[in-house]
Amino acid sequence: MLQRCEACGAFAYPAREACPACLSAGLAFVDAPRRGALLAETTARVPSDVYFRERAPWRIGLVKMDCGPTMVAHLHADCVEGAPVLMSFQLDKSGQAVAFARPEGETPNMADDRQWREMTADPKFRRVLVTNGRSVIGQEAVAALKAAGAKTVFVGVAEPWRPFGGEQLLRGQQGIEVVTLDASDEKSATDLAADIGGKVDILVNTTEYVRPGGLLDRRGTSTARDEIDQAYLGFINLAQAFGPAMRMRGADGTNSSAAWVNILSVYALANWPAFGAYSASQAACLSLSHCLRAELRPGGVKVMNLFTGPVDTEWFQTVPPPKVAPRAVAQAIVSGLRGGLEEMYVGDVAEEIRQRLAANPKALERELDK
Amino acid sequence: MRNSLRTPYDGIVMAAPVTIPYARYSIESAQWWIGRALSALVARAGIKASDIDGLCVSSFTMGTDSGIGLTQHLGLCVRWLDTIPLGGASAIAALRKAARAVQAHDADIVACVAGDTNHVDSFRLTLENFSRFNQDAVYPYGAGGANASFALIARNYMRTYGVTREDVGRIAVTQRANALRNPHALMKTPLTIEQYLAARPISDPIHLFDCVMPCAGAEAFLVMRDDTAASLGLPAARLLSTIERHNAFADDPMQLRGGWAMDVGELYAMAGVKPDDLDTVQTYDDYPVITMMQFEDLGFCNKGEGAAFVRQHDLTIDGDFPHNTSGGQLSVGQAGAAGAYLGLVEGLRQVLGEAGPTQVKGAKLGLASGFGMINYDRGLASGAVIFAGPGR
Ligand SMILES: [Zn+2]
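Line by line, the protein sequences give chains D and H. Residue numbers for the first sequence follow the numbering used here, beginning at 1 and rising by one. Residue numbers for the second sequence follow the numbering used here, beginning at 371 and rising by one.
Just so you know, the hints here were simulated from the structure itself, not pulled from any lab data. It cannot be assumed that every hint is accurate.
[Unchecked claim] FRET-style restraints, in silico, Cβ to Cβ:
1) H:Asn617 <-> D:Ala25: 17 to 27 angstroms
2) H:Pro727 <-> D:Val50: 38 to 48 angstroms
3) H:Asp597 <-> D:Ala28: 38 to 48 angstroms
4) H:Asp646 <-> D:Gly9: 40 to 50 angstroms
5) D:Gly26 <-> H:Ser601: 51 to 61 angstroms
[As the list claims (entries may be wrong)] These stretches of chain D come out as covered by chain H in the derived footprint (C-beta under 8 angstroms, 3 or more residues):
6) 69-82
7) 89-98
8) 270-283
It should be emphasised that the depicted structure is a prediction, and the values quoted were computed from it without experimental measurement. Where a beta carbon is used, it is the ideal one built from N, C-alpha and C, also for glycine.
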């Protein structure tokens, strides 16, 4: 995303209030062509900034974009002066969007670059905790993370002696460890954190608790209480058990903690009355995730929220398609971590709600009422 | 022969060049350093503070005090006031404005002064507040501080013209030799080309002796008409010509030349002199590679021949091209905005015959240049001035 002048079409960087080509004030952020050429590079060996000093030597360069502007960028190790590069904005450990230049073509082990990994939360070589292995999403997440090169995937299962569908996918597999975890139980979360808390680089919160219904068609608060217990208080239990160690280990060299992932319903953003109380529990979790993001930021640990529409699982059976396949959610987790993103929208429903919310929130509210 | 459409600076002079000796760190404020410089100006010129009716100030570390706050702070009552935040181009910009003010009789005696302190954490604070473009486009890259930005410029320049570190090092090494004759220079030990080459890398190809040392200090001079100087019995240098340029060559993908290249013809035409006529040259040396660029852009050699130029000339005080005779910022220290003044003030001392241990014999005609405001990918401001001592 770069600014582009609506009057003359010139691209501008860094962000400014008037076009340097024609002085128009109409500058909008648009997806800019990502190709450029590396003009010059330098290796900063004693940067003034403490963060970079700890990571020195650190390579940066000046990139001339094909679309016009020049930009300072963090460099992938395979970038060569004079050669084309592809630019992207990445969120650094402080949550700021920074320019990153990669070689135009694929190079061997491209994702393993030290400076690239500093900007992302690639599961490769990392240890991951998936909090709920009883769900299909949880099981798909374990498989996708393992396939992406995670060193160890811990997978939480409540009352693991009770059999469950898909159990064979988790047990006896190289690099997958089933651990006892009931996120809604404070003691269970604390016990597990005491055991593996120092080894969790990425936590994927796959807690799901979906029940239909809004307010007037329900009696009493018992279902709502369960929704809050499982999703909201479960989130708090996990955060309090695992968050402090993750925050402390954010700068721990190669085995640093990197990210916390929440899978949230897109109806956290706009209430869907058919699942109205559930939507509210998800909104509470979303709000809490922003608090967690702020609290983990000093440690350089990212919080990624993955918004989905109805997933193709038991509790959404009565909902007509389109629905999101659990595997698509799992793949989105991996690609979001690889890109170092803070937000992802999975599936057509989630994407549509994102766009309509930005365009006209009142119209969306009325629409969801149908 | 003078050849310019601009109004000549007839009868405009500079007097009383003043340097308050630098200190690596200072617990005093910028206001203290500026106050010392004004006090020295008054003493040097044999005037009262109340005779100063114009003031032009540059400082990075003055905090929330404005120029007008400073008049009250220092007890000055002026009828012309300016503050110039142009970094290394501030001295030349200040001189240009002051010259026109006294020429038009808007003021009679203008004090141009720059001063900065250097607390232990000043550097970081300056960096964080430098410019919005810098905050957006440089700071998140670990490249706060000019080193990495200049490293990119230096690397591109050196590759383009086949310049080696040894070529660039000649500038740093000869300036150190000059500095050893200046008792106020912070660098007091000789520097060999071997030591220069073996220094630790800071941000390739910038190594330790390519960098200036931040410090505290102040510099100042007076601008007035020649009749005022004569009535005060003050030796004064005549202003012959000036140039100033901002955001030049914005379409150059990387900086290989500064704004001087755009205006150099005007600089010599207005002064009616040739580059060969100059007795001393004081360039803005925040990095020696920027000095090499100035040798080209100020017309001492062609573009791309800067390295050959420094190989063919002796840049020391007694050499055939006396350059940065005080030792320059590289060896004296960079006292914030006073760094912009250092070359001009030393150049004035040279043509007035007041330079003492660094005096170039018979120096009459001087040039000083400035360069400032590195803004994520290039230095934006440039300027230069030519002046003549009595008897030329
Ligand atoms: Zn425009």
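Against the structure, the hints come out as follows:
Between Asn617 (chain H) and Ala25 (chain D) the beta carbon distance is about 19 angstroms. The supplied range of 17 to 27 angstroms therefore holds. Distance hint check for Pro727 (chain H) and Val50 (chain D): the Cβ-Cβ separation is about 42 angstroms, which falls inside the suggested range of 38 to 48 angstroms. The supplied range of 38 to 48 angstroms is broken by Asp597 (chain H) and Ala28 (chain D), whose beta-carbon atoms lie about 59 angstroms from each other. A beta carbon spacing of about 48 angstroms between Asp646 (chain H) and Gly9 (chain D) agrees with the range 40 to 50 angstroms that was offered as a hint.
In this structure, Gly26 (chain D) and Ser601 (chain H) meet the distance hint of 51 to 61 angstroms, their C-beta atoms being roughly 58 angstroms apart. Coverage of a stretch by a chain is defined here by at least three residues with a beta carbon nearer than 8 angstroms to that chain's beta carbons; for the stretch 69-82 of chain D and chain H the count is 6, and the condition holds. Proximity of the stretch 89-98 of chain D to chain H, defined as three or more residues with a beta carbon under 8 angstroms from a beta carbon of that chain, is established by the 4 residues found. Beta-carbon proximity to chain H at under 8 angstroms applies to 0 residues in the stretch 270-283 of chain D; the threshold of 3 is not reached and the given coverage is violated.
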